[in-house]
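Asks: Residue strings, one per chain:
There are 2 protein chains.
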Amino acid sequence: MKTPSSLTVLTDSLRRLPGIGPKTAQRMAYHLLQHDRDAAADLSQSLAKALDTIRHCALCNTFTEQVVCETCQDSQRDHTQLCVVESPSDQVMIEQTLTFKGLYFVLMGRLSPLDGIGPRDIHLEKLITRATDGVVSEVVLATNFTNEGEATAHYISETLKARGLKVSRLARGVPVGGELEYVDAGTIARAMLDRRTT
Amino acid sequence: MKTPSSLTVLTDSLRRLPGIGPKTAQRMAYHLLQHDRDAAADLSQSLAKALDTIRHCALCNTFTEQVVCETCQDSQRDHTQLCVVESPSDQVMIEQTLTFKGLYFVLMGRLSPLDGIGPRDIHLEKLITRATDGVVSEVVLATNFTNEGEATAHYISETLKARGLKVSRLARGVPVGGELEYVDAGTIARAMLDRRTT
Ligand SMILES: [Zn+2]
Ligand SMILES: [Zn+2]
Numbered sequence: 001m002k003t004p005s006s007l008t009v010l011t012d013s014l015r016r017l018p019g020i021g022p023k024t025a026q027r028m029a030y031h032l033l034q035h036d037r038d039a040a041a042d043l044s045q046s047l048a049k050a051l052d053t054i055r056h057c058a059l060c061n062t063f064t065e066q067v068v069c070e071t072c073q074d075s076q077r078d079h080t081q082l083c084v085v086e087s088p089s090d091q092v093m094i095e096q097t098l099t100f101k102g103l104y105f106v107l108m109g110r111l112s113p114l115d116g117i118g119p120r121d122i123h124l125e126k127l128i129t130r131a132t133d134g135v136v137s138e139v140v141l142a143t144n145f146t147n148e149g150e151a152t153a154h155y156i157s158e159t160l161k162a163r164g165l166k167v168s169r170l171a172r173g174v175p176v177g178g179e180l181e182y183v184d185a186g187t188i189a190r191a192m193l194d195r196r197t198t
Numbered sequence: 001m002k003t004p005s006s007l008t009v010l011t012d013s014l015r016r017l018p019g020i021g022p023k024t025a026q027r028m029a030y031h032l033l034q035h036d037r038d039a040a041a042d043l044s045q046s047l048a049k050a051l052d053t054i055r056h057c058a059l060c061n062t063f064t065e066q067v068v069c070e071t072c073q074d075s076q077r078d079h080t081q082l083c084v085v086e087s088p089s090d091q092v093m094i095e096q097t098l099t100f101k102g103l104y105f106v107l108m109g110r111l112s113p114l115d116g117i118g119p120r121d122i123h124l125e126k127l128i129t130r131a132t133d134g135v136v137s138e139v140v141l142a143t144n145f146t147n148e149g150e151a152t153a154h155y156i157s158e159t160l161k162a163r164g165l166k167v168s169r170l171a172r173g174v175p176v177g178g179e180l181e182y183v184d185a186g187t188i189a190r191a192m193l194d195r196r197t198t
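Top line first, the protein sequences correspond to chains R and F. Numbering-wise (full-length UniProt numbering), the first sequence opens with residue 1 and increments by one. Numbering-wise (full-length UniProt numbering), the second sequence opens with residue 1 and increments by one.
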């Protein structure tokens, strides 16, 4: 019994999606061909279109269909403040807080030596060029508070401070609404060290 | 801040894959565009190719690139025996046992009234036509031993017996290597009822 070759090829292609194993890929292929050919055609076209049109913003490095994205073109924003995030979704989260009116730089990753992800992969040269444009006066590091995110922030901080820039980091502490009883000791320790005069 | 439209479209398309939620779809889209454009191009082309070439075997209903699949064309097989399975992967499992030398019919699903999946969706008319070709003398039901698989087997059994065909079902019982202590009571009860003289 032979599986049709174009079905095998499709299953193999689906396996290249992050987090998709062989069983799931096969189930997806069967589902698409049997029950949802519209979705398959739609996905085929969306992938081709995105590959054709999506590039990285020349200034902030995020995904865009233009040379410079709309955020970077917005003259209402504070061009002296530059917030560094790991991904476009982190930028969306910060935008939702309405607490930052400056511009962004999107690393599209984080330093992870064990996975072979170094400074080049997070576009550090592009960030340095962007941050030293003479207009930016403060760089706010908003990478995640994971080990890798912290290491990334530290590395960028050292690099940019060496070039005379003011660099800050989002505050760590007890989450809003957090009950101390349910917050981990490391977070409480950090909140104690970073305590503010009221 | 606006997400580029072709990125939104791609994320929406990925969400149409079974079991993929909005967060996963977004992570996949970022990953493909940032780290694996080859995989994205590959998937786009595989989907288009499969949609173009994959059809259902005129005889057994499985996926094939021909009018009649290779298994159905195999003259070495016993054309009097027809094994009914839910999916191509079930057929692969049975083939691996080397215990069945007949032909197959692949339902591409199972009856599931609650999900609106009725006899038409499992190609029952096509199965009846196939099973009553005058050559098939026994139909072996190898749908899953789930509630839906059992209901499907029962429905097909009644339909085909009414047309004078011999219909059998894979035996239920204690799995090979199974320790009674760890087998559920329903399985043991069934094994007791179906006990065989040795
Ligand atoms: Zn930009
Ligand atoms: Zn066939």
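Hints are supplied without guarantee of correctness; some may be wrong.
For identical chains, the list gives no copy identity; a pair is met inside one copy or between any two copies.
[What the hints assert, rightly or not] With a cut-off of at most 25 Å between alpha-carbon atoms, the simulated DSS-like pairs for lysine-lysine come out as follows:
| hint | residue 1 | residue 2 |
| --- | --- | --- |
| 1 | Lys166 | Lys49 |
| 2 | Lys126 | Lys2 |
| 3 | Lys101 | Lys49 |
| 4 | Lys126 | Lys101 |
| 5 | Lys23 | Lys49 |
| 6 | Lys166 | Lys23 |
| 7 | Lys49 | Lys161 |
| 8 | Lys2 | Lys161 |
| 9 | Lys126 | Lys23 |
| 10 | Lys166 | Lys2 |
| 11 | Lys161 | Lys23 |
| 12 | Lys2 | Lys101 |
| 13 | Lys161 | Lys126 |
Just so you know, these hints were derived from the structure itself, not from any lab.
Asks: Decide, hint by hint, whether the structure agrees.
Replies: Taking the hints in turn, this is what the structure says about them:
In this assembly of identical chains, the alpha carbons of Lys166 and Lys49 never lie at most 25 Å apart, being 40 Å within a copy and 54 Å across copies at closest. Taking the shortest alpha-carbon separations for Lys126 and Lys2, only the inter-copy value of 22 Å comes in at or below 25 Å, while the best intra-copy value is 50 Å. Taking the closest pair of Cα atoms, Lys101 and Lys49 never come within 25 Å of each other, the shortest separation being 32 Å inside a single copy and 47 Å across copies. Taking CA atoms no more than 25 Å apart as the test, Lys126 paired with Lys101 passes inside one copy only; the shortest distance there is 21 Å, against 64 Å between copies.
Only between protomers do Lys23 and Lys49 lie at most 25 Å apart by alpha-carbon distance; the minimum there is 21 Å, versus 28 Å within a single protomer. Taking CA atoms no more than 25 Å apart as the test, Lys166 paired with Lys23 passes in neither setting, with 50 Å inside one copy and 34 Å between copies. Within a single copy, Lys49 and Lys161 get their C-alpha atoms no closer than 40 Å, and across copies no closer than 53 Å, so neither meets the 25 Å cut-off. In this homomeric assembly, Lys2 and Lys161 never come within 25 Å of each other (Cα to Cα): the closest approach is 62 Å inside a single copy and 31 Å across copies.
Proximity of Lys126 and Lys23 under a CA criterion of 25 Å is satisfied in neither setting, with 40 Å inside one chain copy and 28 Å between copies. Proximity of Lys166 and Lys2 under a CA criterion of 25 Å is satisfied in neither setting, with 64 Å inside one chain copy and 28 Å between copies. In this assembly of identical chains, Lys161 and Lys23 lie within 25 Å of each other by CA distance neither inside one copy nor across copies; the values are 49 Å within and 35 Å between. In this assembly of identical chains, the alpha carbons of Lys2 and Lys101 lie at most 25 Å apart only when taken from different copies (15 Å versus 59 Å within one copy).
Taking the shortest Cα distances, Lys161 and Lys126 sit within 25 Å of each other inside one copy (16 Å), while across copies they are farther apart (73 Å).
This entry does not satisfy hints 1, 3, 6, 7, 8, 9, 10 and 11, going by the numbered hints stated previously.
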